[in-house]
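S.K.: Each chain, letter by letter, is given below.
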Amino acid sequence: MGIEQDPSKHTPSHTRFQRGSSSIRRPHRRAAESSATPSGGVSYVSTPSMVGPEEYDYDPIDTDFYLLAKSYFDCREYRRAAHVLRDQTGKKAVFLRCYALYLAGEKRKEEEMIELEGPLGKSDALNRELVSLERELSTLRKNGTIDPFGLYIYGLVLKEKGNENLARSVLVESVNIYPWNWSAWSELQALCTTIEALNSLNINNHWMKDFFLASAYQELRMHNESLAKYEYLQGTFTFSNYIQAQIAKAQYNLREFEQVEVIFEELLRNDPYRIEDMDMYSNVLYAKECFSALSYLAHRVFLTDKYRPESCCIVGNYYSLKGQHEKSVMYFRRALKLNKNYLSAWTLMGHEYVEMKNTSAAVDAYRRAVDINPCDYRAWYGLGQAYEMMGMPFYALHYFKKSVFLQPNDSRLWIAMAQCFETEQLHMLEEAIKCYKRAVNCNDREAIALHQLAKLHCELGQTEEAAFYYKKDLERMEAEEREGPNMVEALMFLAQHCKTQKKFDEAEVYCTRLLDYTGPEKETAKSLLRGIRYARDVVEHFPP
Amino acid sequence: MAAISKPPASFAITPHKLSICVLVQVYAPPSQISIPFPFSSVSHHNRLGVFLLSLTKACDGIFEPTLDELIAQLREVAGLLNHWLSDHLTRRLSSLASPDDLFNFGILGGSDANVMDDDQIMLDPNSIIGMFIRRCLLAFNQMSFEGICHLLTNIGTYCKESISGYPPYELSHLDDSTNDPNPSFEFENMEMDNFVYENVSEDFEESKMGIGRSPSQGHAPKDFPELVEDTSISPRPTLEHNDMNAEVYPGALSSSDMSKDMGALGGTFLYTSWQVQGYLSEQAVAIEKHGSSFPLNAFESILKKLQQLAPELHRVHYLRYLNSLYHDDYPGALENLHRYFDYSAGTEGVECVSPPSGCSSFGRYEIALLCLGMMHFHLGHPKQALEVLTEAVRVSQQYSDDTCLAYTLAAISNLLAEIGVSKTSGIIGSSCWPVAGIGTSLSVQQQLFVLLRRSLKRAESLKLKRLVASIHLEIAKYDIMHVQRPLLSFGPKASMKLRTHPASVYKELWSSSHLINEFGEESSLMTTDGAFCTAWLRSLKKPTASLIFAQENDTESCSDAFEFIAQPSSIPGSVLQLLGSSYLVRASSWEMYGSAPLARINALVFATCFADSSSLSDAALAYSKLIQHLAVYKGYKDAFAAMRIAEKKFMCVSRSRILLVKLQVLHECALHRGHLKLAQQFCDELGVLASCVSGVDMELKTEASLRHARTLLSANQYSQAAAVAHSLFCTCYKFNLQVKNATVLLLLAEIYKRSGNAVLGIPYALACISFCQSFNLDLLKASATLTLAELWLSLGSNHAKKALALLHSSFPVLLGHGGLELRSRAFITEAKCYLADPSFSVSDSPEMVLEPLRQASEELQLLEYNELAAEAFYLMAIVYNKLGQLDEREEAASSFRKHITAFENPEDMDDSVYGML
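Chains H and D, in that order, are what the protein sequence lines are. Going by the numbering used here, the first residue of the first sequence is number 5, and it counts up by one from there. Going by the numbering used here, the first residue of the second sequence is number 97, and it counts up by one from there.
It should be emphasised that the hints constitute simulated quantities derived from the structure, not laboratory data. Be a bit skeptical, because a hint or two may be false.
[Unchecked claim] Straight-line alpha carbon distances no greater than 25 Å define the calculated BS3-like cross-link-like pairs of lysine-lysine that follow:
id	chain 1	residue 1	chain 2	residue 2
1	H	K163	D	K479
2	D	K479	H	K438
3	H	K111	H	K341
4	H	K438	H	K111
5	D	K256	H	K113
6	D	K897	D	K978
7	H	K344	H	K253
8	H	K341	H	K292
9	H	K507	H	K526
10	H	K113	D	K400
11	H	K344	H	K361
12	H	K530	H	K506
13	H	K475	H	K503
14	H	K507	H	K475
15	H	K213	H	K253
16	D	K479	H	K405
17	H	K476	H	K441
18	H	K344	D	K733
Between the sequences and the hints, there should be enough to build the whole structure, so can you do that?
M.R.: So this is what it looks like as structure tokens:
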């Protein structure tokens, strides 16, 4: 299947054209294919009748120059490539020249970033080719002699220059003419940070649009919509690793870890040298504490390519699971060195620092994560946690509020916030109760919330509510067949409560259940039973 | 941050620094002549020296000047030499074409690291300029080849800009005009920002002109965020210290289209971090001083640029926090505050960029709490503020940060004093409350009292002089407003002797102003110097920029006096501010104790000497005091004239303070003119200004209902007035406002007097007098005595003698300190006493009666108090009638008629005054 290769490339855009043959030729082949692809009764617009890229490069001299430039390009000698093509006017040549210039500028920018970095982290190195590229491409666009790839470059340049609106429309133009350029789609997606922006795009109906939308939904944290889209696409592209990985991602965000694990296992069977998204798999393995599986994954990934941020992250996770936090931090740092804006590494490093009780470093790491992406609820949560550790619960509340705002359906966040309210320093029990209630509504897996709710109500002297929640907790524990001190506590309270409420039958039931346990509770239950019998006698003999 | 630590590159060379080097070479050539070649005189020579010195230290912005600007400044300095110098400069700079030229470039040349060759320049290597040169040398010698290449390109840009002037790339910007609101990394936006910047930079400059005059970081005594900075960068960076970490930001770009303000497009360079820091703290002071009149967006865009250029300079977040705080942007302030402290861990100062893992310390997050508390306080969330500050106390105790604890305690007491006696017992009663040891039975004031003493002791032991001074002030304020009773004797047996202690107030004030003697060792070398240099440089710009400043109004005119104020040895602004507010406290204490002239003098002292260095809201307070004084002693015309001036001066700042006094004066005025509907309206508006939270803004609330009662009284609705006064009395009692209660008692006496129940009124008057006696409220006591006299008099003519005796006993205070109304009332009562006295005959000594009446009528006319004026003229007419002086009688009678008609038809009066609303 041709499609799976292109979208699945998640590598930075400028490496795309270096790997193997240029995708300029490939899409054409696919274009022919794709007319046959959507068979499942999907009403896609037919493939745009755009001329194939080969059609406009007939000039033999042009082709020679082009081939020379392409070879230079493949050897990463971008300026040389651009120089060879300086007088060429073929669309393909123009594109290659612009792209080579752009990449040359990017390369220089990266170098300068290191050369010029000061202690205050100045990073205003710029791609110097942008200005001239923009000028040239805008004239080309005005003259109408620009092809979709040129438009893509133009959009890229505009985006870098910060002219987002124009960039968006240029990229839309590009993908409308030639929908199979995933790079253009992903640039476009980076420009759609809100659902409104996404909806306002005027994109022709095409199956690539579905890929785009699914991915955009994922970025916008509309996980269910994204999952639905991907599942729909999977119907058509049954064997796509890319779609499978994306489904795993969506499931991961919905915290369906079991399914994620299954998917990744299958994915690794089909695509054993895959590194992309594997950090997520490692997170799942971490959460499930699968030591050996995680170490196996780390090993495999490291053999494939150790200098990928994902690989470092996986190793970091492994060490973290082993409790070797210093080492783990070291690998996260390496990941960050490879990609300074690698969000999850910042967050995970924050977690490590929290484990190491180095709260200020943790705060710093989390804050950087948050500044990269203000929607990262984990980092906000981590910030709150760090401040709570320092004994500043009121200050921590601000962060918990943020994280809860971003992820209102996660019971753990609500519980953390409730515990913050519950601390002896704040002792704001009413608020804590509200939070626990939200947690209960969010399907609290660890079942902390119900128990705490009961306890808090009990503490506030609201016995009716307390009894209600104890009962619910009891039901739940029965359903999940859990035992433990909570069970005893619930039974004890309920027995006493029912007795004072004169519901002797019910109280008796609870007491007899208590008798199953050893310890002081058993004795109390016995005396309670005696009391109940006595009270019942009194009621019978002297009816009110 | 620990994760990505890089070797701190020290002081780097920029084209601007290179030009300074060139100029230094001119300034100090190796020749032995006392006045080297191009200079004509010693002073001429020195002027360039001062200029160079200033260039190395000025903190007037974040970017180094371009060559054009430098040449423009040179023109001001060098006079005739200007052409020679600028030619020399540009020639030297543009002669650099290859990296090798840099190695052969005058001072920088020579392979010897950081040694100044004597044959190149003649300069003391330890002088400031010498040090600068040495730093340049060192930086150059440490430079990598890439760095030298960059420097070369930058020099090219630097020179080209000044020659070619304008953009070759205009085309590219034409179609970029869409402005995206997204504030991320966008060049387009940057351009827009520049636009904004250009537009607003004028008024920004203008405001900066005002700011530059305060040569140090002033801290408002109330504004602790600033005070905290003292602690957070407590090791004052000395010069040597700064040498180590000064840093420059060479821009990278070849694109020459943007000149000065295109930070991100290169060609411009940040100042050394020392200079940027100086700039930022100057701006912080300015924000606090100017409050909401500070240009929000202009400064925000500068900060944004700065943040892009120096993402690790976390101070920027703090400035953003201050900026949004003073513009009442709650979410923005909150967000930036949290961000600042997350990054800096409370330990900032750029001095500490070393990764926190290096210093194992915990970080000082309690300062974050303190700031957050102050923020909530500032934005009017006392409850949250208290909660946060309590946490701050706990955390700083936990980590034994005594300094922060001292500041926090002071902040809490400030908070308690401001929100006064709110029903905070819910919070205060909680176990973690810092004064829990005393138990919760204490009233809030007593807690405040204990807290103040505690924090004073702590501050003294920590030698935080400013804090000590401001706590002394706070205690003085407390002593004025609150009645003390022995702390430990409660219950029915304890003697309920309530007293105020003016002596202790003045003792506190004295110990507060004592600070001025001690500021010497604390004065901050850094900013003083920087500000001086900034001011000096700015004075150069002035002639060329005079068009902009021409329309500055006279209030700002003293900015010309920068030379006077920017003396390097001048007193730190924070100390000046503290001193200033001590004068304000003095003024209000005298107001209270009843000495009008002294109150006025103190307010005047403040307005003339400290208004420049203090925050605008304090200045507004002083002005409002003066306006009130005018209204009471000089009549409303003057007061309104003064008010117009004040309103213009405090256009948008501290509106509420001026608004308050305006409403007060208008209410009085309407009341006197008999315009009761309007009076009621003003009174209601006054009440609306108070916060709706119970227990907050008690001052204002009691004032509003007091005025309400007075309005009702004027409308002869006695029972309603009495009801309002009674409930007011209860409120005051509940919130322990004893001093206010004295006033309420007097009002009640007045009500009974007016309603004809003199017998009922007398006890109230007597109670008021005894209150006043123990609280030292002399003026109030005098006016209570006056009321008592009136009450006696209304009981019948046989009490006239007694009334007169009472009246005469308090005459000195009444006439010496009383306002127009009080004086004339006293005069009229005196006349009435004489007239009522059966043993007194008018024909024997007519002047005894006529003189006071004449006085009274004159003053009342000034005050436009028609009702009372009518009474005075009525009495006069009667006396003249008795004496048989018919002409005078007619005159008095017609005056009487004029006033009585004016009183009955208040609408006829000119409404110009009310147009002020």
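S.K.: Does each hint hold? Answer for all of them.
M.R.: Outcome of the hint check:
For a cut-off of 25 Å, the pair hint linking K163 of chain H to K479 of chain D is broken: about 46 Å separates their Cα positions. Straight-line distance between C-alpha atoms of K479 of chain D and K438 of chain H comes to about 20 Å, which keeps the hinted pair within the 25 Å bound. For the hint pairing K111 of chain H with K341 of chain H, the CA-to-CA distance comes to about 17 Å; that is within 25 Å, so the pair holds. For the given pair, K438 of chain H sits about 54 Å from K111 of chain H by alpha-carbon distance, which is inconsistent with the 25 Å threshold.
Pair hint K256 of chain D plus K113 of chain H holds up; C-alpha atoms about 23 Å apart against a cutoff of 25 Å. Taking the CA atoms of K897 of chain D and K978 of chain D, the gap is near 22 Å; set against the 25 Å cutoff, the hint holds. For a cut-off of 25 Å, the pair hint linking K344 of chain H to K253 of chain H stands: about 22 Å separates their Cα positions. Simply put, K341 of chain H and K292 of chain H have alpha-carbon atoms about 28 Å apart, too far for the 25 Å limit, and the pair is violated.
For the given pair, K507 of chain H sits about 20 Å from K526 of chain H by alpha-carbon distance, which is consistent with the 25 Å threshold. Distance hint between K113 of chain H and K400 of chain D is fulfilled; the C-alpha atoms sit about 22 Å from each other, no more than 25 Å. Proposed proximity of K344 of chain H and K361 of chain H is supported: the alpha carbons are some 24 Å apart, at most 25 Å. Proposed proximity of K530 of chain H and K506 of chain H is supported: the alpha carbons are some 17 Å apart, at most 25 Å.
Between K475 of chain H and K503 of chain H the CA atoms are separated by roughly 15 Å; this keeps the pair inside 25 Å, and the hint holds. Of the pairs offered as hints, the one joining K507 of chain H and K475 of chain H holds, with about 14 Å between alpha carbons and a cut-off of 25 Å not exceeded. Taking the CA atoms of K213 of chain H and K253 of chain H, the gap is about 19 Å. The hint holds against a cut of 25 Å. The suggested pairing of K479 of chain D with K405 of chain H holds, with an alpha-carbon distance near 18 Å, which does not exceed 25 Å.
In summary, the hint linking K476 of chain H to K441 of chain H is supported, as the alpha carbons are separated by about 13 Å, within the 25 Å threshold. Between the alpha carbons of K344 of chain H and K733 of chain D the distance comes to roughly 68 Å, so the proposed pair goes past 25 Å and is violated.
Hints 1, 4, 8 and 18, counting from the list given before, are not met by this structure.
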